[in-house]
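Whenever a hint applies, use it, and build me the whole structure from the sequences.
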Amino acid sequence: MAEETVLTDDFLRQLINVGEVDILVGLPTHNNARTIEPVIRAIQAGILKCFPRERVVIINADGGSQDGTPELVIRASIDDVWNVSKVYALRTLHSISTRYARNPEPGTALRTILAAADLLRAKACVVVSPDSTTIEPDWLQRLVRPVYNDNFDLVAPIYRRQKFEGVLMRNLLYPMTRAIYGYRVREPYASEFAISGRLATDFLTKETWNAEWGRIGAEICLTITAITGKYRVCQSFLGTKAQPARSASDLVAAMRRTVGALFLSLDSNFPLWSAIADSQPVPTLGAQSEVMLEPVRVNRKRLREMFATGVAQLEPVLRSILSASTLSELQRIAALEVNEFNYPADVWAKTVFEFAASYHKCVISRDHIVQALVPLYRGRTLSFLLENRDGSGQDMEKSVESLCGEFERLKPYLLEVWADRK
Amino acid sequence: MWEIIITELTQALQELARGFAHYLPRLIVMLIIALVGWVIAYLLKVLVRSILRLTKFSKLSENAGATQLLNQAALPSSTELLSRFVFWVAWIAFILLGVSVLGIVGLQEYISRFFLFLPRLFVALVILFFGLLAASFFSRAALLAAVNANFRSSRLLSISIRIIISIFALSMVFEVLGVAEETMLIAFGTAFGAVMLGLAIAFGIGGKDLAREFLEKKIVTGKKEEKEDDPSPL
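Protein chains in written order, with the working numbering: chain A, -10 to 411; chain B, 10 to 243.
Quick caveat, the hints were computed from the structure, so don't treat them as lab data.
Hints are not guaranteed to be accurate.
Simulated pairs of lysine to any residue, SDA-like, Cα-Cα distance not exceeding 25 angstroms [stated by the list, open to error]:
id: 1; chain 1: B; residue 1: K65; chain 2: A; residue 2: P260
id: 2; chain 1: A; residue 1: K350; chain 2: B; residue 2: S67
id: 3; chain 1: B; residue 1: K65; chain 2: A; residue 2: A408
id: 4; chain 1: A; residue 1: K350; chain 2: B; residue 2: T64
id: 5; chain 1: B; residue 1: K68; chain 2: A; residue 2: L282
id: 6; chain 1: A; residue 1: K350; chain 2: B; residue 2: A150
id: 7; chain 1: B; residue 1: K68; chain 2: A; residue 2: A313
id: 8; chain 1: A; residue 1: K387; chain 2: A; residue 2: A313
id: 9; chain 1: A; residue 1: K219; chain 2: A; residue 2: A264
id: 10; chain 1: A; residue 1: K350; chain 2: B; residue 2: L36
id: 11; chain 1: B; residue 1: K68; chain 2: A; residue 2: K219
id: 12; chain 1: A; residue 1: K350; chain 2: B; residue 2: L63
id: 13; chain 1: A; residue 1: K350; chain 2: B; residue 2: W11
id: 14; chain 1: B; residue 1: K65; chain 2: A; residue 2: L404
id: 15; chain 1: A; residue 1: K350; chain 2: B; residue 2: P85
id: 16; chain 1: A; residue 1: K112; chain 2: A; residue 2: A264
id: 17; chain 1: B; residue 1: K68; chain 2: A; residue 2: D409
These stretches of chain A come out as covered by chain B in the derived footprint (C-beta under 8 angstroms, 3 or more residues) [said to hold, decoys possible]:
id: 18; stretch: 154 to 161
id: 19; stretch: 240 to 252
id: 20; stretch: 296 to 304
id: 21; stretch: 344 to 353
id: 22; stretch: 360 to 372
If you want the ones that stay clear, here's a sample from chain B, every Cβ over 10 angstroms from chain A, calculated [unchecked claim]:
id: 23; residue: I14
id: 24; residue: E17
id: 25; residue: L36
id: 26; residue: E89
id: 27; residue: L91
id: 28; residue: V156
id: 29; residue: S175
id: 30; residue: A189
id: 31; residue: T192
id: 32; residue: A203
id: 33; residue: I210
Cβ coordinates follow ideal geometry from the N, Cα and C atoms, glycine included.
Written as structure tokens, this is what we have:
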């Protein structure tokens, strides 16, 4: 049993007191005292509004918060929500908090939540990000209903995003997952999602938990497991996605958690993905995508400089990862000024595929391969910003669609470099 | 007179023949040992080469930067070099074993010294290899971290780390081999001290304004530095 190794005795005792549940809401946290309260209120309101008859538990998996986040979760009384909404739940709503480690490990947090869902035989398990300050009570219904009523196994979110947010998602994770696994899941790495009890149980038994990516890239791994395991996958439009402030070091960590895990998944799933030639749409509830056109301040000069410096300084590293033609193309792009800068979609797709193949062959340390992609991603970000600077939401959608087309068109190239022994 | 000469010559020839007859079987044994040794050493070479190819040693060596060094010195690949090394060490060991059968006085000591030296040579080679591997790994890690943090002298930092670790590994190699131990210790100490002093002075002079600015922002005014971050990736 997976939970034997993850759940502490005290946590187990609390879970046993709760008994079986219908819905489990997971809340992985680490120092989220600033944002956790509105998130908890929205979850509680969502439960009261949409699932008053269901047995629900909120599980907070905390990664060693120092700001009292778990206490805030436990203390958040549902009475306040009752007073506002005047709707009463017919069942007791439990809130449990457990500290799974002294330091945050997103994979372990998810594992703890899934193990609890497995133990409590939850029919649906929904995970909510503690940073989602824009969360509304309806999000819970939009995520849980497809699992609870329509027998879907994974509900991935679709957000209303600011034009230039989610650049890695739009330029790498979505196009590559779509080209590789043949499913058009817009957010393969989701901070909010819902899964069925059987997918949770199946995912817990996977050997991936023993590997590094199980600990750091479990979210994307879950999506891939659902796709490759032929589970029923759908998407649900939630609303506006709040973006927490990030720094440069967060980008490297995000790349490790997402791109690293995606690259690693290619090893074990090769027989499956190598046979997929095209992609199919996924059932979607609500809008396919929505873009906000608010202006964003981005230092384009800095992005170009970081790209050019990366290409120049990392030349020996890039030479061991990329083909000579792709590297020379990157060097040509690095010499361009901001106003004429263009990192074309086909070159970007080739770059990513060559990185994936090098990752597979371990030409250098795998973590170093992922880190070496960071400056190139910045170059692609700049190109994406410039391409869509004056465009509408539809124009941007076309641009993303065209990039996905390039990834799908160049998939045979990935198979070629993958098989190349050099 | 002639009789005495002939007798002496005969005796000398007889002694030579006796000596030769005495040594001949040993010489044959030595040649047989050398021949068998050659066969065993050759088999060992083939075995080591196969194991290294199976374990993708060349990739490890490439990561360590050893392949680049070998290419620059127009030497064969690391796999080939290591298998040849095993061949020669094994064959020389067998030849010396054969020579010891001859029973030449004084040679035994040198042979036993050679055999005592072999483990140290092996340890030194292992240290050198892993030293180069560590130097390459950490210098690349530093380069990537510095580039991603937009640090200006990333390459310089990376090269410095590679040199320091390589010097450290080399000094350990010389210490294990027992070659110029004191000289190496002094040279390493001096070089390491010079690098550290240089870095301290460079950071001290070059970074004093930056440090003051940082401290003023953090402690005196308590303002947070405004950053223009990358667009959100996820």
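Q: State the violated hints by number, sorted upward, taking the hints as numbered earlier in the document.
A: Per hint list: 5, 8, 10, 11, 13, 16 and 28 violated.
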